[in-house]
Amino acid sequence: MTETTPEKENTANFDWLTGKWKRSNEKAGKETFENWNKISPTEYSGIGFTLQKGDTISKENMKLVNTSGQWSLLVKTPKEKQFIKFKVTELKNNEFVCVNDSLDFPKRIQYSSEGKKLKAMISNEKMKIPFEFEKAE
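Under full-length UniProt numbering, the final residue of the sequence shown carries the number 137; numbering is consecutive throughout.
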């Protein structure tokens, strides 16, 4: 017996996101990292953190989860009790966009990969903050 899954699920693959990444456009005196792991075909786990003089000054936990064929990015900082959900609205090879219009900032998060570089952009209608990462391994 062969299982059939929707075509969308077969093409959704975030393996390009996995690994250790170091932000290359961070302000002097700070170091920012994102580490992503594949937990299963329907879940990826990430952690983002910023160091200043060896101390962690910010941290967030992230998950990419597929529930009933719909991918979501879940983000949680220490200040939040629960994960904030961003719905993945665009999914291409090595790129995805997710949106949560109920927030002031960010409403939109976009990730893309170009070779050994990873780019993330968090934005709303008025402001964009680019994050550029390089493989840290």
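Don't read these hints as lab results, they were simulated from the structure. The structure presented is a predicted model; accordingly, all values stated were derived computationally and were not measured. Please note that a few of the clues may not be correct.
Claimed, not checked - Straight-line alpha carbon distances no greater than 30 Å define the calculated DSBU-like cross-link-like pairs of lysine-lysine that follow:
{"id": "1", "residue 1": "Lys53", "residue 2": "Lys81"}
{"id": "2", "residue 1": "Lys76", "residue 2": "Lys20"}
{"id": "3", "residue 1": "Lys107", "residue 2": "Lys76"}
{"id": "4", "residue 1": "Lys119", "residue 2": "Lys81"}
{"id": "5", "residue 1": "Lys87", "residue 2": "Lys53"}
Quick rundown of the hints versus the structure:
Of the pairs offered as hints, the one joining Lys53 and Lys81 holds, with about 28 Å between alpha carbons and a cut-off of 30 Å not exceeded. Of the supplied pair hints, the one linking Lys76 and Lys20 holds, its CA atoms being roughly 19 Å apart against a limit of 30 Å. Proximity of Lys107 to Lys76 is assessed by CA-CA distance (about 15 Å); at most 30 Å being required, the pair is judged to hold. A C-alpha spacing of about 27 Å is found between Lys119 and Lys81, which places the hinted pair at or below 30 Å, so the restraint holds.
Between the alpha carbons of Lys87 and Lys53 the distance comes to roughly 35 Å, so the proposed pair goes past 30 Å and is violated.
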